[in-house]
Amino acid sequence: MIKTFTKIISLFVFVISLSSFSAKAVELEFYFPVAVGGAAASTVEELSNKYMELNPGVTIKPIYAGSYTDATTKAITAAKGGNPPPMAVLIAIDIFKFYDEDLVLPWDDILSDEEKENWLGGFYPAFMKNSQIDGVTYGIPFQRSTPVLYYNKDAFREVGLDPDRPPQNWDEQLEYAKKLTKKGSDGNIERYGIRIPTKGFPSWLTSGLIYQNGGKMTNGLGTETFLDTPEVIEAVQYLVDLSETHKVMRPGTLEWGATPKAFFEGQTAMMWTTTGNLTNVRKNAPFDFGVAMLPAKKSFGAPTGGGNFYIFKGTPEDELQATKDFVKWMTAPDQAGVWSMATGYVAPRPDAWETQAMKDYVADFPPALVAKEQLAYADAEFSTYENPKTVKIFNTALENVMSGTISPADAMKQAQTDIDKILKDYR
Amino acid sequence: MNKKNNLISVFFLLVPGFILLISFTHIPAVKTLMNSFFSTAKGRRPSKFVGLENYDVLWNDATFWKVLTNNIIYACGVIPTSILLSLGMALWVNSKIVGRPFLRFSYFLPTVLPLIAVGNIWLFFYAPGFGLIDQIATSLGFPSFNILGSQESSLFGVMAVGIWKEAGFYMIFYLAGLQAIPPDLREAAMIEGANKWYIFWKITFPLLTPTTLFVSVNAVINSFRQIDHIVVMTQGGPDYASTLLLYYIYEAAFMFWDTAYATTLSVVLILILCVIAIGQFFVLDKKVHYQ
Amino acid sequence: MKTVSEFFSERLNVIGAWLLALLWVTPLLYAIWAAIHPIEYEANFDIFAPLTTYNFTNAWSQAPFARYLINTVMMTTMIVISQFILCTFVAFAFARFEFPFKNILFALVLLQLLIMPDILIVENYKTIRFLGIMDTILAIGLPYMASGFGIFLLRQTFKSIPKELDDAARIDGAGILRIIWNVYVPLSMPTFVAYGLVSVSFHWNNFLWPLIITNSVETRPLTVGLSIFSMSEAGVEWATISAGTLMTTAPLFIAFLIFQRQFIASFMTAGIK
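Protein chains in written order, with the working numbering: chain A, 2 to 428; chain B, 15 to 305; chain C, -13 to 259.
These are computed hints drawn from the structure, not numbers from a lab. Be aware that one or more of the hints could be misleading.
[Claimed, not checked] Examples of chain A residues lying across from chain B (beta carbon under 7 Å, computed): (1) T74; (2) E115; (3) K117; (4) G253; (5) A259; (6) A263; (7) N401; (8) S404.
[What the hints assert, rightly or not] Pairwise CB distance ranges (calculated): (9) C/I33 <-> B/I87: 38 to 44 Å; (10) B/W79 <-> A/Q169: 44 to 50 Å; (11) A/D242 <-> B/L285: 42 to 48 Å; (12) C/F116 <-> A/Y427: 33 to 39 Å; (13) A/R283 <-> C/I33: 26 to 32 Å; (14) A/E318 <-> C/L15: 53 to 59 Å; (15) A/W330 <-> B/L285: 50 to 56 Å; (16) C/T39 <-> B/E166: 38 to 44 Å; (17) A/R283 <-> C/I1: 45 to 51 Å.
Each residue gets a CB set at the ideal place from its N, CA and C atoms; glycine is no exception.
Build out the structure end to end from the sequences listed, making use of the hints.
Encoded structure:
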């Protein structure tokens, strides 16, 4: 019996060894998430290949890592498992998390003074806000975005609004939304005036409202939030009034992923969503559409969003230098332009907008400029220590407000209390 | 001599499987679960022993109780429904009914489709406004619902998908069980004039009890373990209304990286499952009819 | 001769079964609809909508799905074969032998059903790294090969096989392995097929662990590859996901259709006891 047994086990081992394919050894791995569809992945690969052509002796291995959450999970698991990647593109606002877990290195350590001034200094300040802790840079802006207002020009014409004059402020936004809301023959609303999705990342879009109202959400150091303030509460009130009081927005929490579709299907005449959706909307909207900055209240305002390049502890010195060169190249004007045009992300440096390719692109497709112009008014995305938890508290509070179970004042007060409990350990 | 031979045989039979079990389940589990007695380690603050403090936090965590209640409701809805449906499906598919291959295929389909796709397709069905269910509802004159977006209904929306996914899975086991029943038993009963119900209750069902035991233990476990559809469809929202215990754990572990709390929750979940599932097994195993 | 009530209950049976099946298959019908029509028709069920293959070519071009398919097939085959071997051995021991600590060991097996493998990801990652098999297909499968589910299922089946058959084979001089191979395996065919089907489905669908443990195109399975369509900030691309899903599940469908015949065939042989 032992003989047969051994035979079976050997067969078993043989079968297993047949499938032990492993990857070839590489020099520089980097994890990247894809949040805007498959074209982004192939663009990353094209760019990496181009870099390798120009720099023989360096191998770049881009590794698709899922969504932002998945990519963070993958990076943290690898780092905790003793196998960190040299670099990864991860969501900017998790900066405090990575810092707290002691997984990432400051870019300042591997940059010369000249590089700090010219390279770091050449990024839009709005994007650097979620990239630094106390002046030390941990993330290099790469795939960044802001939300913008998309609107259905045909619908505008239908109700007598000027299709080339999008709403400039909150009052106009509400007024337009009322005009654009249309009831069907059965008495049910068949087109809402506006859609600001509140499921998924409600805090992102709501922070736009907060900035427009002159509010401030965090102290920038990751240790304190100011949710229980009049500016924030008013902003949230404006949002929920759209569906509850004025009935110009579908009630309840609205899916992020279904928003473009609702727009294309004519179920909402205006929508707030990321500029990263530009290419999607351009391709699929069956009507004439426009793009505008988010309407102002006390001023224009918008949050930034998206992912940065991080470098990880435990990476040998030579790999760090090679990583730095690669990231510098990836954020250089030509490459940033290619990336922006392929995906709809905002090129993170002013000089990227000056290349001929970008100028031609913008001339051909002016909506691409809107996000860039809005950068002058943009501010950081909500980011604190224990960010996943605090954002969830904020998001949950917003979801509750939108489903009508709690008033904005009570919700923000509760959220502030809950977040304080978490952040007090960090002060 | 015989007993020694037996023990040696048992040893060889068990060793390969158990080496893997222990390396990839039991040892990591013990290591991970020890974390429930420590605070979460962060890069800049090492973890420290806190004894039962994490359990205390859990006991006082209102969200935990909400999530546990959700899970109980979910289990009570999904388990009996999916088992009954699966038994029915197996009986239908095993009989000479017209269009059998189509039935078999349709029932088993949910198991074969990848969750990424399934979740998104169901998202479409449930989408208010242009979603399939809403389109049908509004054409019949009903108002538009936001099933997944409302606190009252999101759990039920998710339960429907759970039943849809599970029933076909259990059907396969009932099918296997049915096909292991010797047909002569049924023939003998029919010759003696028994009708279909009698055959089912006195012959088929008792002989299916090993399968039923297996299916019900799995159904209980799955109702606590299946969360993929929640990950894709509702992410547990709104406000934890559709969060099941394992999703709460997943969130603590992979989104908050609060490893101590995640393992504390896991210990509680495992204990609950232990009591229900293993208890169920050892008690019912005695009642099962083996040939 | 059938009575009237029997006639109706038969008809009801058929109608009931068919209604349920149609309900059950709706997601697939939708996937087909969305895949073969342009994006504008994702939510517009216009019968005269134009057909297109764009979604398929678009989905296919966004990632190396052919390679992902091969990886998934290799991984699933490897896992299922290993599970068949390992679980049969262990289940047989539990079904037919008495030995010290038997109940405790079986409880350990059942415990595996309860412990969610995802919790153990960080620890298992370290183990895989320690073994030096990072980013291999073997690494995806190793934690799953000893399956509590499989052991439990096979134990149930083995226990319901009459012991007399063992004894008969033993009298003929057969050793344990031969008894397993000649008596138990053939009689448990429906269970093996059922378990195989279920295991294949599970591993075909598994996402998080393969995502963590694989880095290259040469090892990445389909689920991870498909996820590229669903994480979109741009909103869910139903047409593309449906096309991608259909292409990548087609092999499973075909395998399932083939196995259906095997299922019936195995019933023929197993039913004769």
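Lying within 45 to 51 Å: is that true of the beta-carbon distance A/R283 to C/I1?
-> Since A/R283 and C/I1 have Cβ atoms about 49 Å apart, the given range 45 to 51 Å holds.
Is the hint on A/N401 kept, meaning its closest Cβ partner in chain B is under 7 Å away?
-> holds, 5 Å
Was the hint right that A/K117 lines chain B, CB cutoff 7 Å?
-> With Cβ-Cβ at 24 Å, over 7 Å, it is violated.
Cβ separation of A/E318 and C/L15, checked against the hinted range 53 to 59 Å = holds, 58 Å
Restraint check, 7 Å cut-off on beta carbons, for A/G253 near chain B = This hint holds: A/G253 lies near chain B, its Cβ roughly 4 Å from the closest one there, short of 7 Å.
Hey, does the A/T74 contact hint survive, CB to chain B under 7 Å?
-> The hint holds - A/T74 has a Cβ within 7 Å of chain B, the shortest such distance being about 5 Å.
Grab the minimum C-beta distance from A/A259 to chain B and call the hint holds if it beats 7 Å, violated otherwise.
-> holds, 5 Å
Classify the hint on A/E115 as holds or violated, based on whether any CB of chain B lies nearer than 7 Å to its CB.
-> violated, 31 Å
Residue hint A/S404, partner chain B, criterion CB-CB below 7 Å = holds, 6 Å
For the pair A/W330 and B/L285, does the Cβ-Cβ distance stay inside 50 to 56 Å?
-> With a Cβ separation near 54 Å, A/W330 and B/L285 satisfy 50 to 56 Å, so the hint holds.
For the range 26 to 32 Å, tell me whether the beta carbons of A/R283 and C/I33 fit it or not.
-> holds, 29 Å
Does the Cβ pair A/D242, B/L285 satisfy 42 to 48 Å?
-> holds, 47 Å
Of the numbered hints stated above, those contradicted by the structure are hints 2, 3, listed in ascending order.
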